[in-house]
Amino acid sequence: MPTRDRSLVLVPILVAGLTLTAAAQDAPDLPTTADRPGHRESAEQHDEAPPPEVETPPLPEGMTLDEVLERAASPPPAAWPDPVPDTRPYVFAFVEQLEWRFGADDAPDHLGWEAWGWAGGDINKLWWKHEGEAVFAGSDRGETETDLLYSRLVTPFWSVQAGAQYANEWHGGEYEDRVSAAVALQGLVPYKIELDASGYLSEDGDVTVELEAEYDVRITQRLVVQPRLEAGIAAQDIPERRLASGFTDVALDLRLRYELRRELAPYLGIRYDTLLGDTADLAEAASETTDNLRVLAGLRFAF
Amino acid sequence: MSDDFEAPPIDPITRRRFLVTAGAASLAGSGLVGPLGAFAAGLPRAGDPGELVATAPGGIDLTLEHRDLLVGGSPGRAIAINGSIPGPVIRMREGEEALIRVHNRLPESTSIHWHGILLPFDMDGVPGISFPGIPPGSTFTYRFPVRQNGTYWYHSHTGLQEQLGHYGQLIVEPADRDPVDFDVEHSVVLSDWTFEDPHRVLRKLKTMEGYFNFQRPTLANLDDQMHATGMSLREVISKRLAWDRMRMDPTDIADVTGATYTYLMNGRAAHENPTFPAQPGQRVRLRIVNASTMTFYDVRVPGLPMTVVQADGQNIRPVETDELRIAVAETYDVIVTLPDAGAYTLFAETMDRSGFARGTLAPREGMSAAVPEQRRRPMLTMADMGMMMHGGMAGMEGGSGDEHHAHAASHRPLASGGELPTENLIDRIEHGPARHGPESITMAQTAYRRLDYPGAGLGEDGWRVLTYGQLRALDRPYGRRPPSRQFDLHLTGNMHKYVWGFDGRKWSDSDVIRFRYGERLRINMINDTMMSHPIHLHGMWMDLYAGGTLETNPRKHTVIVQPAELLTVDITADAPGQWAFHCHLLYHMEAGMFRTVAVVRSLGGGPIRADA
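Chains A and B are the protein sequences, given in the same order.
40 is the number that this note's numbering gives to position 40 of the first sequence; each next residue is one higher, with no gaps.
1439 is the number that this note's numbering gives to position 439 of the second sequence; each next residue is one higher, with no gaps.
Hints were generated in silico from the structure; no laboratory data involved.
Among the clues, some could well be false.
Think about it this way: if two alpha-carbon atoms lie no more than 25 Å apart in a straight line, the pair counts; the simulated PhoX-like pairs of lysine-lysine are [what the hints assert, rightly or not]: (1) K192/A x K1206/B; (2) K192/A x K1239/B; (3) K1497/B x K192/A; (4) K1497/B x K1206/B.
Since we're looking at a predicted model, the values are computed, not measured.
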């Protein structure tokens, strides 16, 4: 398959964040387009023997042939507009989830949201990601994470991103926040799975990684079911965040949306999330629940 | 004001009666003013273009302004030329001088490009290359000698104005006897219209991949695909997974579709049924131009053969066929003859089958014939990635015996010295390891000649379909000689991010392409993308290698380069100045699939940045 020899080996590496390597290309044994000149090579290799005479065409009024040829050899006047505005920046914002998460049994309901957007050109963008969850029943509590990143398209399907994250948490009157350095690799893997792998180094020196993968299964042209996986990893124990080294948590969502328009889709879904490993043990020791199954209802929309 | 637009009568010597399309497509055809408000009901309809003669004494005036018109029965804000979309049919006479005053009453700059016309570069109408554009409130005068004849068109070359109706047909009467024999003629201007702001359309393309495609593979249409292809469920699924694995969509045939477009024939939607009057036995010449921004049309008249007599304004050896694909910006002239007093449908189905334009050929107004059922939308195949090396693909020209010759030819000294061959050109080339960077999803592993392949979705209906391989010039065009220089130009794009270009670069990141004044050069276009691109060179002809000889290969102003196609054109660089060279899909062009070509004295010296 053609994608094989140029497919990317993506290695999300703990500690230092993420690196990207390209698989080596197989050397083809047939003559290829690589042996042939582009317009610049062709011009450079060309000898300057006088070209055959051609009938002089009509010229712009008041200009001689030499003047036109000379004019053609320089860029057009700076005051003229570009013939195509292909550097025009765009601004896009996408609220991928804005949903009510109904708790099972006597667990409280949550409001959950996740949004992202960008501004910029084809290669370089300013990218933001924001997600959060809040509970209003009982004591008021919640958390949000906001990433602001410079994003650069490095291969047709992959962007590397770097910037900072601001995260906060509140519970009753308590409030905590932290700032982290952030790097991310974002793109489309073969089989059209959207992947976002982000690594964070907090102001306290803690390293964590978050992975998100999602895939659209089109049932009809407008009805789409989207499985989605999120996983968290910590590189060390972080007692103040009640995280233990290793995989800390995983969430599996399934959302069924109906695209009224491509940019406007109500949906229903389910979400199962659970703490893992030592992180789960920490929660259990504190008599907290370690897993939840929730029913979702929400709206997805773009600007 | 209307006095300004009064055209002097056309040269009385001509034996032909010019049928004004305006009269041809009357309100009677539709009976559909429908449930529109008083506001809408009072609006004029799109599709009353009228006709002007630009080489007549005193010249002509064109006034550009925003105008509310009924398009397909609904009110839309158009850029009208002399009050209509399409703009008036402009006629010229070969050998005379055209004089056109363009009055810009838009609140923005504008331009008119005379598509396919050879003229001094400052009359070519491309803002930023030939001139600065026509500022709002001002008048620009186009004046140039007319040195050719045939069917052409004109359109805005500014921003996305073309999407709003800024186009019309241009017909140049031959100075000598017309080799095409006909009794009546009709303009057929195909186009696409949206009620959305075109900038919104582009933004959607840029921000949400596949926004307008509502014919994607789904679980619900698995069954349909099995029936259509005869494959088992397992085969269909494995095929789909293969496409998913490549992160490609085989249904990505058109970027912008019937989801937003209303498809127009002479400014009229299909239900408005424009009529083209013709009596039984008459030779009817249809001058078909595709003035769309993004839509390839497949044109046929069910029940009637069409004889193609002209392509891109150039007379060709007549070819009888049943259907032809016309790319954006191409023109074809065909002759049809009604065998009886019945009505015949002129059917123009979009390549992605998401809609159609339609009219009726009939002796009287108000007649109509059955409208054919729309066909299933095509899907891309492995052949569109050049994966047919040993498959005996239909449409693969040249025997395997040529292979040695072909590969030998590709090793010959590349660019300098002697003459390049003009016949039996290499028929395929492997793609090298260069991937053109993040702005190109390079799909085609092998580029090959597809001159006999009619294109995705055509050729399997049991009737004849025109191919480039059938086009042969009627007479040997001037300036034909073997080229002495060549280069490859890759058509590239990243459909995931909606970036389009050549050799992996957008216009703003590119160098000017230099042609040496007087030289004969060859461009081998290699389409690395999965879409067909209509490539247009301004100011000079492209002599298309269509499998013929120096004598017979046709010349074109716009050529379709299909996915994975290797397509060769030879050019005589006889037009000094700077020119545009670009994909004529409007949103591809706007996204960067554009180059500046400079016809200069010397090829030496460093690169000239296109975006100074």
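**Request:** Quickly compare the C-alpha distance for K1497/B and K1206/B to 25 Å and report which way the hint goes.
**Result:** holds (6 Å)
**Request:** Starting from K1497/B, check that the Cα of K192/A is at most 25 Å away, please.
**Result:** With Cα atoms ~14 Å apart, K1497/B and K192/A stay inside 25 Å; holds.
**Request:** Compare the distance between the alpha carbons of K192/A and K1239/B with 25 Å, and conclude whether the hinted pair is satisfied.
**Result:** Cα-Cα ~14 Å, so holds.
**Asked** Between K192/A and K1206/B, does the CA-CA distance stay at or below 25 Å?
**Response** holds (18 Å)
Of the numbered hints stated above, none is contradicted by the structure.
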